[in-house]
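Peer 1: Each chain, written out:
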Amino acid sequence: NAGVTQTPKFRVLKTGQSMTLLCAQDMNHEYMYWYRQDPGMGLRLIHYSVGEGTTAKGEVPDGYNVSRLKKQNFLLGLESAAPSQTSVYFCASSSRDRQYQPQHFGDGTRLSIL
Amino acid sequence: DQQVKQNSPSLSVQEGRISILNCDYTNSMFDYFLWYKKYPAEGPTFLISISSIKDKNEDGRFTVFLNKSAKHLSLHIVPSQPGDSAVYFCAAIRWGVNNDMRFGAGTRLTVKP
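As given, the protein sequences belong to chains P and E, one line each in that order.
Sequential numbering of the first sequence, starting at 1, is according to our numbering.
Sequential numbering of the second sequence, starting at 1001, is according to our numbering.
In short, the hints are calculated from the structure, not lab data.
It is possible that some hints are incorrect.
Unchecked claim - Residues from chain E that face chain P, not an exhaustive set, calculated with beta carbons under 10 Å:
no., residue
1, Phe1046
2, Asp1055
3, Lys1056
4, Phe1065
5, Gly1083
6, Asp1084
7, Ser1085
8, Met1101
9, Gly1106
The C-beta atom is built at its ideal place from N, Cα and C for all residues, glycine as well.
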C-alpha cells in the first residue's frame, strides 16, 4: 500500500536553481495538495488541485508553480530557489466522496536552499 | 495570522496517565476540526475529527472535545502509551472551503514508560 509517495526525500539546492518535486498517489483521489512546514509553524497550504488539469493557490503560493497533468500526479516547481524556501514539503490527497474527507500525507521532502 | 493555535509546544506524561492536548482557534467560521499525529520522518496521519454540531467524539483511547463558545478543542488520550509519543497537530476547515485546512504549530507529546 504505497498511498502518497514523494520524490525526492532530500535535496540541497543553490540559490537561483530550479527543481521539481513529484507527488504520486495510488488511491484514485480527486484532490491533491502541497504544504510546507517550517519550525514553530503548522503546515501551510501552497497550492492545491481539485482534479486533473486544474490547480489553485493556497495560503503561501508565491515562488511556486504546480501542474496536474495526470490524476495521480501533482508536481511542485521552484523556478528560482531562495533560502526562504528551505522547508519540509508535504504532499497530500483526499477523496471527494464527502465534504470532510481526511487528507492522506506523504512522508515529506526536506529541501535546503544554500 | 495564525487562526489555529497550539500554545503548548511540548507535553510529557507518564504511561497509563491521561494526556490532554489543547487547541484554540480564532475564526468562528471553522466548522470541522481534525487531529493529526506525526512521527519523525513521516507524514501526518489522521487521528480523529469532530464536527462543530457536536461537542464530543470518541474513538477508542482518543476523545476530542469541542467548546464552540470558547473556540477551544482538546484531545484526550487515555491511557497514554509510549507509542503515542509523537507530534500532534490540530487542524480546522470551513464549510465549503474543504481545501483550505489550517493547522496549528503542533504539540510534541512524550509518554514515559
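Peer 1: Hint by hint, note whether the structure agrees.
Peer 2: Status of the hints after comparison with the structure:
1. Phe1046: holds (4 Å)
2. Asp1055: violated (17 Å)
3. Lys1056: Constraint on Lys1056(E) not satisfied, violated at 17 Å.
4. Phe1065: violated (18 Å)
5. Gly1083: violated (18 Å)
6. Asp1084: Interface hint status for Asp1084(E): violated (19 Å vs cutoff 10 Å).
7. Ser1085: Result: violated, 18 Å to nearest chain P Cβ.
8. Met1101: holds (7 Å)
9. Gly1106: With a minimum Cβ separation of about 7 Å from chain P (threshold 10 Å), the hint on Gly1106(E) holds.
Comparing the model with each numbered hint stated earlier shows that hints 2, 3, 4, 5, 6, 7 do not hold.
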